[in-house]
Amino acid sequence: MYPILALLWLFITPSLILAQDQSPTADDVAAAVTSDAQADGKSVVVADAVQVDPVNSDTKIEHRLTNILQATGWFKSPQVRVDRGVAFLSGEADSIKHQQWAEATAMRTSDVVAVVNRIQVEELPLWNFAPAIVSLKQLGREFTSILPLILIAIVVVVLSYYVAIASAWFVRWFAHRRIESGLLRQVAGNVVAVLVFIVGLYIALRVSGLTRLAVTLLGGTGLIGLALGFAFRDIAENYLASILISLNHPFRVGDLIEVEGEKGYVRKVTTRGTVLNTLEGNQIQMPNSTVYKGKITNYTATPLSRQDFAVGIGFDDSATEAQEIIMRVLCEHVAIVEDPAPLAIVQSLGAATVNMRVFYWFDQTKHSPLKVSSSVIRLTKQELTKAKITMPDEARELVFPQGVPVRMVESADEQHHDRSLEIQPERPPARQPAAVIGESDTSVGEGDLSSEQSEVMRATANDATVDGEANLIA
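Just so you know, we're using the working numbering here: the sequence shown kicks off at 20 and counts up by one.
It is worth saying that the hints were derived from the structure and are not from the lab.
There could be a bad hint or two in this list.
As the list claims (entries may be wrong) - Here are the simulated DSSO-like cross-link-like pairs (lysine-lysine), alpha carbons at most 27 Å apart as the crow flies:
| no. | residue 1 | residue 2 |
| --- | --- | --- |
| 1 | 407 | 385 |
| 2 | 385 | 400 |
| 3 | 79 | 156 |
| 4 | 400 | 390 |
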């Protein structure tokens, strides 16, 4: 008997244990109920623990929760119904956040075992300015609170500005005897002034409570400088070129230079460009970057300069004699130097002339190239004419060394007396020179052969276009 009962006990006990393990727990049931309620568009919250003997009645809970919801002002027509510890909330909330707050408040109320949240969220109008108004009010309160700090920051910025100016002046004064270039002294002062002002601005932002903005300002200074460098590349390039020109001194004030096909006397060099005064009295302002990178021809960098001109003599004239006459004119001229020596060479044979080219050197710091050239050519022509050396024009004068045959035809009545005769024209006598003996190196048209530099600079001295700019190569 006992063995049979023991066997039955062994078979029945595991079945009971397995049946107990497969029964749903309270958490599973609560989760299932909550998920079903949410699927129906409702919100159900279940308490973690339910008291067997509640202290508060359902009526007290209803009154308490209704008063709380009405006191907030976030709900329209809030209603609370409690049935055996289950609170049913209804009404209309102004936001989802307040709807969830009502649910959580009801759940924390004593003796509430579950909450069914049927509160609807109010639909906002299409044009809702309430958030903007709230933000403006918040900004107004924040601005009022930091207004004293902003006033202190403004005072710090103003002081930093004047300290930066004083620092720049001190740096220029300190570097006056140590740096020759006035532009470099100016740049050094400006750099120190900018650094001092940035430090003062950083302190002002820290004082006003804008620490993050201050860090961003210092961290972004390099990026800002890079962006400005690309935006104002041409201006920065001209400024840097002005510094290099003031250091290298490729020319001085009053020098006659030619850059990119433009020729004139240097008036001044500013931070923006180089000012030239042409021989015609016009003003040219060239960018410093163009001047520095371009090919500069400085006509007055060295005192001596070489000029040349061409002259053509007749085939029957002696080239050697012409060379001697021209060399005598060059050697006796007041503006032509002896070293390097002048030259008079036979260059080519033309259609009707023997072409010669004359070279000579002169001091361009004292004499004008135009005036000296005019004087030398005039005297050369005078001496060649005096020596009866012709200078024919191949476009207008033809020479027939063997003469021209001419046949004369008589009238019809005298045809039996036909005859031909050949006329041998004689070579026209050489032109006699005018009474120009004793002609000087200068004439009324050429003046005193002096350089036009002083005249051009004096004629353009009243130009007020660049008077306000400092001269970097003065």
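Could you tell me which of the hints above the structure violates, numbers in ascending order?
1, 3
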